[in-house]
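A.B. asks: Residue numbering for the sequence shown follows our numbering, starting at -7 and increasing by one per position.
Some hints here could point you the wrong way.
[Said to hold, decoys possible] Restraint-style ranges between C-beta atoms, simulated for each label pair: (1) I58 with T108: 37 to 47 Å; (2) R40 with T107: 45 to 55 Å; (3) Q349 with D135: 51 to 61 Å; (4) I237 with R133: 15 to 25 Å.
It should be emphasised that the hints constitute simulated quantities derived from the structure, not laboratory data.
Note that the coordinates shown come from a computational prediction; the quantities given were computed from them, not determined experimentally.
No residue lacks a Cβ here, since even glycine has one placed at the ideal position from N, Cα and C.
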Amino acid sequence: MAVLNLTEAKIRTLPLGSGIWRDDQVKGFMVICHKTAKTYAVQGDVRRNGRHIRTVRMKIDRVDRIGLRDARRQARELMSTIQSGVDPAAQKEETGITVKEALEVHLSERELRATTIHGYKTHVEKYLKKFKNRAIADITRQDVRDLSSTLRSRHGQTTASGVLRTLRALINTAMRLDESITSSPMVAVRIPAPKPRQVAELDLTWWWQKTETLTPVRRDLHRTMLLTGARKTSLLTLQRSDIDIENRVIRFRHMKTYGELLYPMGNFLAAMLENRLHDDLPVRSCWLWPSRRGQLKRVSEPKEPKKNLPSPHAYRHINRTLAIAAGVPYAESALLLGQRLPGASGGYVHPEHLVEQLRPHAQAIEDLVLSKRLTIKQTF
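Using the sequences and the accompanying hints, generate a full structural model.
C.D. replies: Written as structure tokens, this is what we have:
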């Protein structure tokens, strides 16, 4: 291995197959004479905290493709990188993780409800069918734009937004595992936020009379939805054993937040559900809202479109407004709805320990409904 003051003239005279010729001007810079070609290269030691990590040799280019001056400039830049402890030859490892594999990782890292898991899988298997076996590193911005346009035209904006949010979550998961994915193609599309829900005014006198025309089970279900403001699934999955008449408590087991919610019933609600339990004894069903279709069935859809009654989620909005009208403080009304309180201190509040403290506020909402159901048109 000879050391020379390399010039382009000297490089032309170096015989092929003669090996390595080092430059005496730029440290680590060399010309390598192979059997069929000559190339510029640079070699240096990567050191970190005084420790030798590895010796790196990088090809710059063939001698007949680049001038000596440019080769020396690139050699200086590469040596600066090497001497700073960075291996310029190291490549970020590409895992080739696919959308389907990212979904498996995403679901394994979180404790999600069965319905949420089903939603993710439906999005991938039905709407992302062409993407699920593709490496996420190969998905381009144009792919995402085309997907967004197709979903909107075929399935509407609501479905498109949901599927794109799922894809965004899976790409973010993949980016944590695959360092070669340096940016998300999801930046190519804007996913609109859900539109604020508009809840129509409710005439309590009319509403009470309308619920009287329903079957007893559905009548009591709609009244329970209004008085508790509970989510649809929380209410529909109630079993008879979840109603504690003696302590006047409903145990909501299927909650979006917290593990369970012990809801303090007002006097009217407790009496109504006690009658419900008694009247349904002959049905021999475990469900609080049994269906006519059999002992193992329950009401699955409480909406009454022909009666023009509020939807389950609209009842939550109405209940929250009733709470304000009844003078219930913000924190208490949020806890009755099964919502987490904001801020760090909200994590220290355990509503299952506050049943009796929340009972007067649940009673206040109930009293307001009962006092106005026959006299005043209430708007929300």
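A.B. asks: Hints first: check each against the structure and report whether it holds.
C.D. replies: To see whether the hints hold, each was checked on the structure:
One distance hint, 37 to 47 Å for the beta-carbon pair I58 and T108, is violated here, with the actual separation near 56 Å. Between R40 and T107 the C-beta distance comes to about 49 Å, which sits within the given range of 45 to 55 Å. For the pair Q349 and D135, the beta carbons lie near 54 Å from each other, so the given range of 51 to 61 Å is met. Checked against the given bound of 15 to 25 Å, the beta carbons of I237 and R133, roughly 59 Å apart, lie outside it.
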